[in-house]
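One line per chain: the protein sequences are A and B, in this order.
Heads up, the first sequence is in this note's numbering, so the first residue is 1 and it goes up one at a time.
Heads up, the second sequence is in this note's numbering, so the first residue is 1001 and it goes up one at a time.
Hints are computed from structural coordinates only; laboratory data are not their basis.
Please note: incorrect hints may appear among the correct ones.
Covered by chain B, according to a simulated footprint, are these stretches of chain A (three or more residues, beta-carbon under 8 Å) [claimed, not checked]: (1) 59-73; (2) 136-142.
Taking lysine-lysine pairs in the DSBU-like style, the calculated list, with each CA pair at most 35 Å apart, reads [said to hold, decoys possible]: (3) Lys100/A <-> Lys178/A; (4) Lys1174/B <-> Lys178/A; (5) Lys100/A <-> Lys1140/B.
On a predicted model such as this, the values are computed, not experimentally measured, just so you know.
Each residue gets a CB set at the ideal place from its N, CA and C atoms; glycine is no exception.
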Amino acid sequence: MSLLALEDVNAGYGRTPVLHDISMDIQEGEIVSLIGRNGAGKSTLMKTIIGLLSPTSGEISFRGEAVTDDPAERRARRGIGYVPQDKEIFPRLTVHENLKVGRLVNERSDEELFEEMYDYFPILDERRQQRAGTMSGGEQQMLAIARALVGAPDLLLLDEPSEGVQPTIVEEISDAVKEINDDIGTTIFFVEQHLEFTINTTERCYVIETGEIVNELPPDELRDSEVVQQHITV
Amino acid sequence: MAVVEELFRFLVLMLSFFGTLALAGIGLAIIFGIMGIINFAHGEFIMIGAYSTSMAYQFGLPLIAAIGVGGLATGVFGLVVERLLIRHMYDRLIDTLVATWGLSLILTQVVRIQFGGSFAGVPVPFGTFQYGGFSASMYKIVLGFAAIALFALAYVILMYTDYGLQARAAMQNKDMARSLGVQTDRVYMLTFFFGSVLSGVAGGLFAPLTVLTPSMGSDYIVKAFVTVIVGGANVIVGTSGAALSLGFIQTPASQIFGTLGGRVALLVTTILIIRILPEGISGVVTRD
């Protein structure tokens, strides 16, 4: 059964339309990515899926139920986790408090999962009582991912997880993403400019261009520089 | 001996100024700090707290219970205001300003029509105490400690409860908090209730020290604004620090230049602090 399905979704900011008739489908257990140029609407699509933006038309369903009219907080409680671009950790809360916010609201979460997050990202364990705003970009990214996962989501949305993160840490994050998908079976949908990251983790890749899904590729084709030239390079 | 006496007089006066500023400001600070909403009817919330405390007291309740009733009544009133008015204007600072200002005018008039120009007061409890040639109302000292206790309570609620964590998260990044499942709508409703209760309790605590009139709120809203502006965005540390430093300045000023001089000193200090520290005291204590 498809976990997330979008049907002819249109969305934008105020009166400015950004997404045009987006239809897509993500199966349970998949890792799917989305590539496209800057300004193509990648982050807008993520915000529309989590519910921070309401579509002007079209249908979004999650686990077969329509969620189009649900606000973000209800979609989160239904099992969608969201890691935004720029991480958006709560800077003046401690690492532990950040994770607690992720857990608080979700009945499916428990103490065990909470501790498991510290196993996936040991650095966070060392920093439990540190204010999150004082950590490096990579550490904040790990915190943002852990904070979403601690709510036990069925679907994890990652918006450019490698942005502003040192190359050595990018690999660590991409390993963790794969591991999480293997271990817990979390379905993952992510936006990424970093090609190596996409090729290494993904099973299927949507291509977005000026607000429309124009193609669907197996990730291997991303090794082909012509394809890359055509879809991503500015 | 005279030096000790003067010092004592200074401390008592300062404690009472601190208490008045801190209590006047706490409800406004919580609502502004967490929701980003300026409640211009804040003074009238204090008035409602004072009136309902007096009513409960005339009814025969002991003062402390009457103050509790005053806080609760104001809290319930705040809840109604939030549901009917405020929640339609989240993220619209100017609109809430105008709407709550209108509310403040309406409340003052309704109370005037209903209860007339003044209302039965509450006698000052605890009597006075004597120290050498200096005597003061015991209650003014109690007021200072009551302010400390309320701040401690607010601190514990914000730092150690689930509500507090969600409120702090929503305050730092509302959209992200929502994306994690925090029902910010509910958090804001509770925050407005919480702030209203604190304003009502403050009004109840002020009731024995002041004449209860429909327009008594205008006196407190000035004190509240001065405190919150100097305090800045940090609800607990900023506001209590502001009340403490303003009280420290108001005390000698009012001793030397009288009550009016004390108030002028408050305003001048506020203007100077905003020039030097645009983010108020919070800017000094909060680092990201």
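To see whether the hints hold, each was checked on the structure:
no. : hint                   : result
1   : 59-73                  : holds (count 3)
2   : 136-142                : violated (count 0)
3   : Lys100/A <-> Lys178/A  : holds, 24 Å
4   : Lys1174/B <-> Lys178/A : holds, 30 Å
5   : Lys100/A <-> Lys1140/B : violated, 41 Å
Going through the hint list in order, the structure does not satisfy hints 2, 5.
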